[in-house]
Structure formats: C-alpha cells, structure tokens
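> Starting from two chains that each stand alone, build the complex the way the hints lay out.
Chains as they are written, first to last, in our numbering: chain A, 51 to 175; chain B, 4 to 233.
I should point out that these hints are in silico values taken from the structure, not numbers from a laboratory. The model shown is predicted, which means the values in this text are computed figures rather than measured ones. Ideal placement from N, C-alpha and C gives every residue a C-beta, glycine not left out. Incorrect hints may appear among the rest.
Derived Cβ-Cβ restraints for the label pairs, each shown as a range [said to hold, decoys possible]:
| hint | chain 1 | residue 1 | chain 2 | residue 2 | range |
| --- | --- | --- | --- | --- | --- |
| 1 | B | 121 | A | 65 | 46 to 52 Å |
| 2 | A | 174 | B | 25 | 35 to 41 Å |
| 3 | B | 202 | A | 111 | 36 to 42 Å |
| 4 | A | 58 | B | 116 | 54 to 60 Å |
| 5 | A | 82 | B | 97 | 52 to 58 Å |
Which chain B residues face chain A? A few, computed with CB under 10 Å, are given here [claimed, not checked]:
| hint | residue |
| --- | --- |
| 6 | 16 |
| 7 | 63 |
| 8 | 69 |
| 9 | 84 |
| 10 | 111 |
| 11 | 120 |
| 12 | 137 |
| 13 | 151 |
| 14 | 156 |
| 15 | 180 |
| 16 | 203 |
| 17 | 208 |
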Amino acid sequence: MRTTGWRGGREAGIATVAGLALIGGLAVGGNWVAARVGGGVPGPVLGMAAYLLLLATGRADWSLRGADLLTGLIGAMIVPALVGLAAFGAVLAPVWWRVAVVLVLSTGLTALAAAGLFRWAGGRG
Amino acid sequence: MSVLVSAAVCLGVILAFLLARRLTGALGSPTLASPVLVAALGVAGLLWLADLPVAHFESLAQPLVMLLGPAIVGLAAVVHRQRALIAAQPGPLLVAVVGGTSVGIASAVGLAHACGLGPLLTAGLATKTLSTPFAVAVATRTGGAVPLAAALAVLTGVVGSVLVPLLLRAARVRGSAASGIAMGQAAHLVGTDWLTRRDARAAAWSSVTMVLAGVVAVLALPLLWQWLVR
Chain A
51 MRTTGWRGGR EAGIATVAGL ALIGGLAVGG NWVAARVGGG VPGPVLGMAA
101 YLLLLATGRA DWSLRGADLL TGLIGAMIVP ALVGLAAFGA VLAPVWWRVA
151 VVLVLSTGLT ALAAAGLFRW AGGRG
Chain B
4 MSVLVSAAVC LGVILAFLLA RRLTGALGSP TLASPVLVAA LGVAGLLWLA
54 DLPVAHFESL AQPLVMLLGP AIVGLAAVVH RQRALIAAQP GPLLVAVVGG
104 TSVGIASAVG LAHACGLGPL LTAGLATKTL STPFAVAVAT RTGGAVPLAA
154 ALAVLTGVVG SVLVPLLLRA ARVRGSAASG IAMGQAAHLV GTDWLTRRDA
204 RAAAWSSVTM VLAGVVAVLA LPLLWQWLVR
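Isolated chain B (complex conformation) (with noise of 0.2 Å):
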C-alpha cells in the first residue's frame, strides 16, 4: 500500500513540475517564476491544506529524489553532444570552469564567514554554485543537509539569471561563448533554461559549462570539506 502512496506522491510531483513548466512557459517565461519554485510551492500548498507533515511527504517522494543519481549519469548526453563546442576551445574553457569553480566556492564560503553564519549555512552556500544534482551529490557525500543545498542551489540559479545578464552587460562582456559559460557556472540549471529561450548558442555553452563545473566540484569539494566549512 505504501509503494502506491509513495508513487503516486513522485507522479503527482512530476505533474505539478510539468504543470508549472507549461504555465511558466505560457507566461512567457519569466526569470523569477522558475518551474521548480512554481511547483514546489504548489505541493507545498497542497501539503498545507492536506495537513500532510512535510517530513512525511519526504519521505513518500524519495524514490524520485533517487532518480538524480541516474540523472547525473544521463548529463553525459549534454557533453556528449556539445562536444564540438569543447573541442574547439579546450583550454579556456577548462581555465573558465576551473577558476570560475574556485572562485563560486571560496567566495560563498569567505562571505558565509565574514557574514558570520554557521557551519550548517556556510555548507549549504558552498555548494550553491553547483546545479542542484550535483550539489545534492555533495551534500549526501559530506552529510550536509540535503533540502539546504538544493534550495541555495535553486534559489541562486533565479538570482543568476536576473543578476548576469545585467552585469556582463555593465562589464562589456559580448558573445555568445562568454556569456554562456557565465551563466552556466554561476546560475547553472535556471540559468541554461533561461538561455535556451533566448540564444540558443549560449545555451549550449551554458549547459556544457553547468556539467563541466559539477564534475570538477564534485572531484574538489569532499577533499577541501573539513577545511571549507569549519
């Protein structure tokens, strides 16, 4: 009886992202209204009138939350079929994600510290610059906790995609390989999305980007953890 709850819970998820999917979309696609947020604050609004607790919700849809495992392997397809892109310009790119990696992390963690936040914040913020697989992938790793993580993820792709175009703007940042390497690492998954509606091109640099920094953080962040998140 609880396998049919529990799926029933994860179909019903997957209709209330793909619901705000469309509607986000017939809205025209605006920054602020990704789908994720759309559609976990319809369930959220769901389990409130439900009475639902939400660590029983959880714990209902968990076999979904296990599917970005798979999800992760199947973000091979994008790297696949960018492959001319990196191909093209190897080094830079590497230099880019590597660098712009580094400086996500040390900068989310050096201003968690000057903000005074503790630990439980300061690891949440040192895998915002992670799309959410894989800052979920880290936070299960290092025993951070997990909803933290893939909210700050989440939450930073919504304030990248209003954020970088503006500044690459002020900056004098043209073309598309520039921009969308920028907003790859910075606003990853929302971000990408963001783009795919807006220049195809950077999109494609964007998405490339979005698994290249993940796989390095991924490799990197568990080795430095102890050292980072004090």
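Chain A with its partners taken away, still in its complex shape (with noise of 0.2 Å):
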C-alpha cells in the first residue's frame, strides 16, 4: 500500500532521522574502535565498512534516505574548510605558479594512469 501526503512525508522523515541516527553511531562507534584499536585505520572509514556490511544483509536500506542527506551536503562540509585557505595567502602567493603546474601534470597524469590501467587489466566499457 502506497503512502501518500502528509503520512508519507511523515515516514520519509523518520527514516531520514533514523538513518542519520545510524549513520551518526557507526561514526562514533568507528572512532572509538579505532581509538582502542589502532593501526592506522580512521575511524569514519571503520564505521563505512560497518555500514556497507549492514547493507549487504538487505536490513539496512530505510537507512539510505540519511546516507543521501549527508553525502549531498558534503559540498556545504567543505565550505568552511576552504573559506580558510585564506590564512593560507601569505604562503600560498609566492609559489601559486608552481602549485598549478604541479596540480595540472599530476591531475593530468592520474587520469592516463587509471584509464590505462583499467585497460591493461582487460577492463570493458
């Protein structure tokens, strides 16, 4: 039976909360592991594997609504982060030119060397 209106906006939204809920404890939860733990691994990427193992089982997916909020507002995370590279300016402007030329080859070269080496490995499509 399909939902319609306010009850479905309704239900959207709590399994919108609950996943970012979910979501939120395997973070915690990672970096608490990763805190005891160690060996290098991060937290949030702890909590990833949690999740993505969550999903394989199919009991995870009312979580995906919360997944999708918050891997569409990664861009608005960024925002402060880069707003101060400001602090940055003295450092970065006598050099600027060699930091471009730098990311441009680089970016350059990652792209041949994935593409290439999917190819290599007898990648299709």
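Following this line, the structure appears as structure tokens:
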C-alpha cells in the first residue's frame, strides 16, 4: 500500500532521522574502535565498512535516505575549510604558479594512469 | 548563546551551498563554477562585509565540519548501490584504483619536491588526489593543514573536470567505464558531479572509484607519510 501526503512525508522524515542516527552511531563507534585498537585505520572508514556490511545484509535499506542527505551536503561541509584557506594566502602567493603546475600535471597523469591501467587489466566499457 | 550562533552559522553555510548549487545549475553547471567554490566565495564576501575574522567563523562552523566523519560512513551507500558494477569487473577496477591512487600521490609529491615546494604545501598536495572528506581525514590524522588539504582537493576537482575530458579525447580513451574511472580518480567529487549531468553510467563508475580511491589512500597514506613528506 502506498503512503501519500503528509503521512508519506512523515514516514520519510522518520526514516531520514533514523538513518542519520544509525550513520552517526557507526561514525562514533568507528572512532571508538580506532582509538582503542589503533592500526592506522581512521574511525569513519571503520564505520563505513560496518555500514557497508549492514547494507549487504539487506536489513538497512531504510537508512539510505539519511545517507543520501549526508552525502548530498558534503559540499557544504567543505565550505568552512575552503574559506579558511585565506589564512594560507601568505604561503601560497609567492609559489602559486608552481602549485598550479603540480596540480595540472599530476591530475593529468593520474587520469591517464587510471584509464590506462583499467584497459591494461582487461577492463571493458 | 554561542551554541545558537554556531547553529545559525552552520545553517547559513548549508543555505549558501544549496543556493550556489541551484544558481550554478540554472547556469548550466559550468565546470569552473563548482557550487563549493561559489558558496565559499559568497561566505568569504559576507565575512569581509561583516568584518568577522575567518578564524572565528571557522570555530563557529566546526560542528558542520565534524559531519564529514559521518558523511564518509554514508558514502558506503554509493558503493552499495554500485555493487553490480564492482562485481562485473572487480580486477580491472582494483588495478585502476590502486595504480591511479599511487600515481596520483607519487606524482604530486615528486613534482612538489621538484618545484621546491616546502613540507606544508607538499603535504597538502599529497592528499589532493582524494575526494575532500578523505583528504580532510588524512590531514587531520597526520597533523597537516586541513584547510589547505580541503582547498587543494576542491581545486584539483575543478582542474580535473576541465582537463580530463580533453586528455581522454586526445588519448582516444572511449567508453563510460574508462572515462568514469579516470574522472573519479583524478577529479573526484567535482568531476563526478560534472559527469552526473552528462553521462549517468560514467558518473556511477566515477562515484565508486572516488570512494574506493579514498579508502585505499586513507589506509596507505598515514603509513607512508613520514617518508613522503620530508
């Protein structure tokens, strides 16, 4: 049975909040494990692995709305750090063209290497 | 009171980003006008008008930045949705991701040394081949400059979105999988966003490559850090 109107919207809202709570809990849990076990793996990556396992069981699809909301706002989460770049103006100003050379050459090499290696390993499409 | 101000600042940044996304979308999503860059310029302009120090703004917006951790967890949804793509060609994808990430990091560090850039900029450039959440995770873990790592990752995405299609055409690389993998590896978030509006299949490859490359680098970079950034 399809839900419509405010009821459907309320259920979607609850699913989003529940998904955010699950993902937040996994991030906290990942940090907790990383801090105690160590080994160099960052907490969020441990949380990501746990979430991937949960999704693979097919029992956590209800949480995807929360994941979509979070990943859709990654750009907003980056904005404060980008604004903070102003603090590095004095460091970047005398060498900006050298940084630009590194960015352009390295980015080009990376793209060609990835595509070339994919083909070399027998990748199709 | 400061909690309320912080919440208002975080909400303001989110609104600025959503506005920038809508604005750039209405303009046909030009490559050079990444919504992140446009929002950052808008926020910086507002701070200048309000005479608010950037450091104070950064401390108020900290709760928003802390959401990058859960956002990385949420990226598992991208891998989950694209599991059919991964299962179809796991070997070639893995070779491309591990090799591409290695070339990205090695070329950035090698060129930075060759250009005489210091440890601060070399560290920032070492993570530029990762999408921003992963670059921030590495910078945080290694004690690097987080704003620099984030900014260079975003700038790399913008440069890659312009450069990669031209390079692939010149190298006669065709097909959604190869071009999507190249874009996800070299131009990560911005490149994937660019592809989303042009080739949905290539965008799927790009998104899964971006996440896997981030995981590979986050696992490998802290171990190699002392050796790479001297």
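> Would you mind marking each hint as holding or not holding in the structure?
Here is how each hint holds up against the structure:
1. B/121 with A/65: 46 to 52 Å: holds (49 Å)
2. A/174 with B/25: 35 to 41 Å: For residue 174 of chain A and residue 25 of chain B the Cβ distance comes to about 37 Å; the hint holds.
3. B/202 with A/111: 36 to 42 Å: violated (27 Å)
4. A/58 with B/116: 54 to 60 Å: Holds: the Cβ-Cβ distance is about 57 Å, inside 54 to 60 Å.
5. A/82 with B/97: 52 to 58 Å: violated (30 Å)
6. 16: holds (5 Å)
7. 63: OK, holds: residue 63 of chain B within 10 Å of chain A, min 9 Å.
8. 69: holds (9 Å)
9. 84: Residue 84 of chain B check passes; min Cβ-Cβ to chain A is 8 Å, inside 10 Å.
10. 111: Result: holds, 4 Å to nearest chain A Cβ.
11. 120: holds (6 Å)
12. 137: holds (8 Å)
13. 151: holds (5 Å)
14. 156: Given a least distance of 8 Å, the restraint on residue 156 of chain B holds.
15. 180: holds (4 Å)
16. 203: violated (13 Å)
17. 208: Check passed: Cβ of residue 208 of chain B comes within 8 Å of chain A, closer than 10 Å.
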